[in-house]
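Guided by the hints, dock chain W onto chain A, whose structure is given.
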Amino acid sequence: MTTTTPARPATAARAARPAATDRNRLMKFGHWWWALPGILLVLGIHYVATSIGGFFAFTNWSGIGSFEFIGFDNFVKIFQDPSKIGALLNTLFLAFGSVILTNVAGLLLAVALNRGLRTRLALRTLFFMPVVLSPLAVSYIWKFIFDYNGPINLVLKSVGLGDLVTSWTADPTWAIWTVLVVITWQNTGFAMVIYLAGLASVPVEIEEAAALDGAGMWKRFWNVVFPSIRPAVAIATTLGLVNGLRVFDQIMALTGGGPAGATENLATQVYKQSFALGNFGYGAALALVLTVIILFFAVLQQRVTAPRAEV
Amino acid sequence: MTQHRRARAMWTGVLAVSAASALLLAGCSGDSGGDSGAQEFTFTFATSNNLESPYQKLANDYMAANPDVTITTNPTPNDKYGETVRTQLQAGNASDVIQTTPGSGDARGLVGLAEAGFLEPLGDTATSLVPSGSESLFQVDGKTYGQPLDFTIGSVVASLGNPFRMGVTDFTWPENMTDLYASCDTFAAAGGSLFAVAGAAPPNTGLMTQAIAATRVYAETPDWNQQRIDGKVTFADSKGWIDTLQTVIDLKDAGCFQAGVEGGGFDAITNGLSGGTSVGGFIPSGAAIEIAAAAPPEANFQVEPFPAEDGGKPFILASTNYTLSINAASEHKDAATKFLEWMASDEAQQKYYEYSGELPVSAYQQMDLTGTIYEPIVGLLADGSYTTLPNNVWPNPAVYDALGTGVQGLLTGQKSIDDVLSAMDAAWDQ
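Line order of the protein sequences matches chains A and W. Start counting the first sequence at 836; every next residue gets the next number (my numbering). Start counting the second sequence at 82; every next residue gets the next number (my numbering).
With the rest of the complex left out, here is chain A (with noise of 0.2 Å):
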């Protein structure tokens, strides 16, 4: 059977055509009309205020009164100062320190609690639990636990270990790993929720065809699961590494910079640059150069993971 379809009369379809033309400009207009607000408060907050705190870092401004502008003068003054240096190497160390552990540690949790384990729900939800808290009241546990009189220095000194107690956030060698510790802990149950939403979309039939090949649990996992969770290590390495670069919360608390600026870091030196000392224009240039060096490792992170072409 055929059917036809009635021809359209030109002179409707004439009609028709500005019409429905009119009507197109008029659901554009519409769309950016009804985004216009968004828009503006993105450009507004996120921008705007970003681009004002970036001019400051070429002036001398206190934070009240009036500036000069400077040019590069704060971005010299930083890269001859040691102190910044070693805060950029605490900045570097904590965010590259931190993904590797939470990432593995994250990684080891979610393969064991992927499938089997009966209590594997329970688990999942006491590995998150720490994510959810607020930075800053797990540091001041932890700070507590750090205690020179502290629940670690006692059990050092009841098993006969009294030498080793020590001030652990006062330790200049200890110090920085107190405030990694304290990263790591927390964050390491959110690189698991991420792996475990990679692991599921990895078809278990994959996995049985090649254990059915011969492949032993390594091989499978380097093989078969680790390619397929590939975007998840994209997402949970890039977020680690820029919550990484900017970790403040757990250094105040546990630390504050100390002992002697040792666990000092960009983003805490941008805190007490700009607001406890009064010099907002050099507090700003240490923000853009955060910033860049957050720009600069979330591109390459990117570029690293990013799926490859297939040959």
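No lab work stands behind these hints: they were computed from the structure. Since the model is a prediction, treat every value here as computed from it, not as a measurement. Glycine included, every Cβ here is placed at the ideal spot set by N, Cα and C.
Calculated cross-link-like contacts (lysine-lysine; reagent style DSS-like; alpha-carbon spacing at most 30 Å):
1) Lys-161(W) <-> Lys-912(A)
2) Lys-224(W) <-> Lys-432(W)
3) Lys-138(W) <-> Lys-414(W)
4) Lys-414(W) <-> Lys-432(W)
5) Lys-414(W) <-> Lys-161(W)
6) Lys-419(W) <-> Lys-161(W)
7) Lys-912(A) <-> Lys-313(W)
8) Lys-419(W) <-> Lys-224(W)
9) Lys-333(W) <-> Lys-992(A)
Interface residues of chain A toward chain W, partial, derived using beta-carbon atoms under 7 Å:
10) Gly-898
11) Ile-899
12) Gly-900
13) Ser-1002
14) Ala-1005
15) Gly-1093
16) Pro-1094
17) Ala-1095
18) Phe-1110
19) Leu-1112
20) Gly-1113
Below, chain W without anything else, positioned relative to chain A:
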């Protein structure tokens, strides 16, 4: 409902919301006070704990005495006070009356705020309270911008009852360094310490070092800060400052501080003094009142001088730590000025002493301090053996920060004396 009706309803709604918003904004921004009839103003001050602030009590007393006045108080956490006030002044929403500090060594220092045009010049009453020789801390271009309130002693607050709690029965406050080090041994052997120090809190390590510097630097050279301003001396080349920091190291090596001092916070002082495990702490004199409230009655707190070196003369820090200023952008300046006038009255000064424990700036010289916590230092006050808190005179907060963090570095062994003093010089010259 037709298209037209819906549109009309929508526009009616938009207009109603706009009108309501405009009324709301008008209500928020309207001047509900004014300087005639019923008066009101706002008052921001720093607070360190959840106890009722002396400033709150004084504001309540003023309102009780002046029923037509309403004071809206804004207690602000002490550790964020400076930046909060600066931000509010910059944004134009600061209170009418603001607690400030003399000089420029602090983020809330009145000199910097006045130079930026944020403070209103005060009248003769405030000027009359400015201690002679300290005008530069309260005035800019000959105009006074902060009304002094207190006369705070920066030395050692000691519990003379705590030695008994540690089983040491024959203790008197040491008058020389030999006796002091002997006391350190005694208390360390008893499981306690002579001093409780917040080694991880730069404000406390800074105050401790300044209290020691009173005898090593300012007793011999009272105008040392002026000499530093004139470029005649530096911290790194000053024998007095080198001796001061060496004393800090010696105190640590002699076991005068509590175990784990480098990691201690302010809680280490409160717990040590109220719990009876330490005898003294380097805290402002007024803080003794708060700690005494947490300690048993037999704790018996006194303000004691830190001993001079052998052959040196006793000297302490004593100066105004807090001032009241009026916001230049205030719309209630008359009401605020009347409040400051009242704060300078004998009645208010006496209340301030009762509420805060700090000596009142206008009346301390006439007060009989026998039997008070200040009795041990009455003689030093009488013969002028005191200097103003040095960091009030220093040109920016970074110098005090370099001192406070540097001393923590001395306690951990991260820094040398020269490192600390050179950093202070660098901060001074920035």
